[in-house]
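Visitor: Here the protein sequences line up with chains V and X, keeping their order. Sequential numbering of the first sequence, starting at 1, is according to this note's numbering. Sequential numbering of the second sequence, starting at 1001, is according to this note's numbering.
Any given hint could be a false lead.
As the list claims (entries may be wrong) - In silico lysine to any residue, SDA-like type, Cα no more than 25 Å apart, as pairs:
| # | chain 1 | residue 1 | chain 2 | residue 2 |
| --- | --- | --- | --- | --- |
| 1 | X | Lys1277 | V | Asp233 |
| 2 | X | Lys1165 | V | Lys322 |
| 3 | V | Lys43 | X | Ala1171 |
| 4 | V | Lys43 | X | Val1108 |
| 5 | X | Lys1165 | V | Gln207 |
| 6 | X | Lys1150 | X | Lys1084 |
| 7 | V | Lys322 | X | Lys1277 |
| 8 | X | Lys1084 | V | Ile103 |
| 9 | X | Lys1277 | V | Gly340 |
| 10 | X | Lys1246 | V | Gln207 |
| 11 | X | Lys1277 | V | Val342 |
| 12 | X | Lys1165 | V | Phe47 |
| 13 | X | Lys1166 | V | Gly340 |
| 14 | X | Lys1165 | V | Ser247 |
| 15 | V | Lys43 | X | Pro1230 |
Please keep in mind that the hints were generated in silico from the structure rather than gathered at the bench.
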Amino acid sequence: MVMGLALAVIALAQCKKDPSGSCGIGCDLTDIPYKTTAYTILKPAHFPQIPVPADNRMTLEGVQLGRRLFYDPILSADSTMSCASCHLPQGSFTDNKAVSTGIDGIAGRRSSMSLLNIAYANNGLFWDGRAATLEAQALIPVEDPIEMHHTWPNLVEQLKQHPEYPALFRKAFGIDNCCGITKELTAKALAQFERILISSGISKYDQFVLGDPDALDDMELDGKLMFFDEGQDVNLPDAQCFHCHGSITLTGNNYFNNGLDSVASLDDFIDKGRGEVSRNRTDNGKFRTPTLRNIALTAPYMHDGRFPTLEAVLQHYSGNGKGVSNEDPFVRQIGFPLGGSVLTYSGLTAYQRQAIVKFLHTLTDTSFVNNPDIQNPF
Amino acid sequence: MVWGGNSWPHVTTSNHQTHPSNPSIKPSNQPPYQHKIMKFLPLLLLVSMFAFFSACEKDEPQADKNFTLTFKTTYDGVPMEKYKNFAYGDRNIQINKFNTFLSDLILVKQDGSEHRLSDIEWVDFTPDLAPDDKAVEVQFKYTVPAGDYKALKIGYGVRPDLNAKKPTDFAPEHPLYRENEYWSGWQSYIFTKVQGLYDLDGAGDPESTLTYHCGSDAVYQTSSMTAHIPVTATSGALTVEFDVKKLFAANGGLFDLNDPLNRNTSHNASNVELGLKVMNNFANATSVK
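Chain X extracted, bound-state conformation:
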């Protein structure tokens, strides 16, 4: 199931609209067939050349939204699912809400030049209206110049200049329009929400609440994820995966969730320590393919 970042069904958007698939992307137009064609008669060669040039005509000018960026989430490598027990040390844990803002999504070319995909996106892996408990994949489509790219830059959270604004500053289709992702106590967007339950009593089923709401400029993080990312005029794709378990990494192990101070981020605006730990873990929790 693929979901977009924008839940308002009628508003058309630019980069914030999702498209599960793009029918204009046809890999069969690509060269792998050419070696077979060469074995046949000249007539067929002419036909194939005609087809080749027809395809070229279709490819020029560059197609809109030729690049797909997909976000997925896992827990310890297994697809994430709400209300499902996952192992956390010798106890169980559930992750029932996970969403995050991502800023400055930028592709880096082999020559070091950059192509900005987006200033800001909101990725909600656990939307209310999902048909089941499986974490959804979230896709964004962008127009990207053809070329070989070597990295994706990511900002985890809302970059400071955007975080200085409020939901009322944005149009309904904008990711930062969301009132429920803003907290006046911080004068900040809530960059990331991770909520769930932990089996504190050891009885098997998680029962103790986990709430990590991370925000404020102090916890904003950036990283650059290296990958070979070829983009043609008609296609290109990258999948970014967040492993939620790695958000709990601490001192070579995991947060001690038996300690209540590690189970809920503080609402004290001057105490963002636990939120900072979560946000600091984001880069290591990220993989790209």
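Just chain V, same shape as in the assembly:
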């Protein structure tokens, strides 16, 4: 009887914590063992170490919960969209659309970014860097009116009342009661899953990096030399790609105006990108550099999906920018220097563009997109 009274007191106390009154008797989770298993993210040996925040250590239980949440349409107000609606494995975690459409049929302004190797993104997330961490990022689409258009209080309530999620949160985070489910823990679980979205490291390019000189054919090798500005000895021009797309993950996660739009003033960009967040006009028209790994699987390209093919992307870069004052200088230096005091650059020939496109295809990693550990668990 004493035990029963104690339980009743505890249950009532829990109810006081939750105005909705949804967590009370029957919501206790302490019968479920809480013992997490440390999760080591698998990565290729030649890849950089993966940063993991101290306040969200990787566990098997956290990853499993995050995976389930990622694919569960419960995250949207009408339970029709999940994270995976815009980030599908076969598109290297994009939706292969120019811009994504939310639950209300409203098209967004920007293309969904690939989540491949997103664990390495340490310089802001989204195209404009408005979230500092994966944990912060995961909070935003749920309430975005043109994405999932849900509310966190309602979603958390759904998760509390769900027949399975309370136990999964218990196993991942040790909550004692379903009232312990929060948006922050939900975001942590999603972030843990996203951190395991790492390349397999066995693309053709990786095989070349790892020492197989025959992994790339002559044309792919030409493309690589131009991509990394290493073709002087064989009379190939600089394509300047590597300045923004660093050597292994093929992005530095920096922000650039890559010469897409010709505007009379920095105030005239239709989508101001980073400037919309920083409120600094010289950031207008700058966007975060996406990874080029699996780029052949993520068409269309750019923040607004304006280019349907990689050939169109190379055609754009071959034009050496638009002369806007905050363009990255290397966008204007593609090709051979043409001499003269006012130095202009040749751009790239059809063969050179084609060679770079062919090199970009060597970055395709079907082992990653087919990895059973990252597929829809439902």
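Assemble chain X onto chain V, guided by the hints.
Guide: Below, chain X without anything else, positioned relative to chain V:
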């Protein structure tokens, strides 16, 4: 605005973490008040002695990270700012990116003994996520034994043994983890990046690109900057300032930026001539206070 060298927000680091201010540093505990106290009654003397010994207790053992090293950048003595026109001879110039690796930061004591602050740091004056165009100040905190120091040794770039490594050799919080600061063509880190625009056509607004990416062991430089640097158990500070204009010094004047060969460093790994000129200028572009 003070920014650190490490942009990953959750990773705790040792010497690479920045702290804009250290609340444990309280100059009011220092002796300047003592002469006033001596004028008062013995009771107050006792109180002051009690306070003095209390302060001593707080100071022992030596506080962590008692020394602040601050890096600033200017253009011709004026605080640097991205996308701002600065005079370059009779033309204008903009410096829109400036970052550099610094190796072997070492304090030299009056007796010649040395205290190593750091093997390597990365100083980015123009980070993407800065709130405005003003060049940021970058601070590092170190634990330094109390004493009188007379110089700061600096290596400009990445010293050869570290430059033989690659970003994949380092943990995420390490300065040399940065992939975008490494170029496989040189098998080298890009020691220093200076990018901007120059008013080549003389119309007023800079329009012609300037890109100086300097790397490879051949351009690594060192210097020793003399200064009086007192360090107590709880405090010590030094500010290092780089004047970007002085990186363009040549033959008693400035690089002739009307010559295209002076506007962009070559990607030919065997041609580091222009990069070497920039790196050679670093010591003269440095002042310490």
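Visitor: Evaluate each hint against the coordinates.
Guide: Status of the hints after comparison with the structure:
no. : hint                  : verdict
1   : X:Lys1277 / V:Asp233  : holds, 24 Å
2   : X:Lys1165 / V:Lys322  : violated, 38 Å
3   : V:Lys43 / X:Ala1171   : holds, 14 Å
4   : V:Lys43 / X:Val1108   : violated, 43 Å
5   : X:Lys1165 / V:Gln207  : holds, 20 Å
6   : X:Lys1150 / X:Lys1084 : violated, 36 Å
7   : V:Lys322 / X:Lys1277  : violated, 31 Å
8   : X:Lys1084 / V:Ile103  : violated, 44 Å
9   : X:Lys1277 / V:Gly340  : holds, 22 Å
10  : X:Lys1246 / V:Gln207  : violated, 45 Å
11  : X:Lys1277 / V:Val342  : holds, 22 Å
12  : X:Lys1165 / V:Phe47   : holds, 14 Å
13  : X:Lys1166 / V:Gly340  : violated, 37 Å
14  : X:Lys1165 / V:Ser247  : holds, 14 Å
15  : V:Lys43 / X:Pro1230   : violated, 47 Å
Checked against the numbered hints listed earlier, the structure breaks hints 2, 4, 6, 7, 8, 10, 13, 15; every other hint is satisfied.
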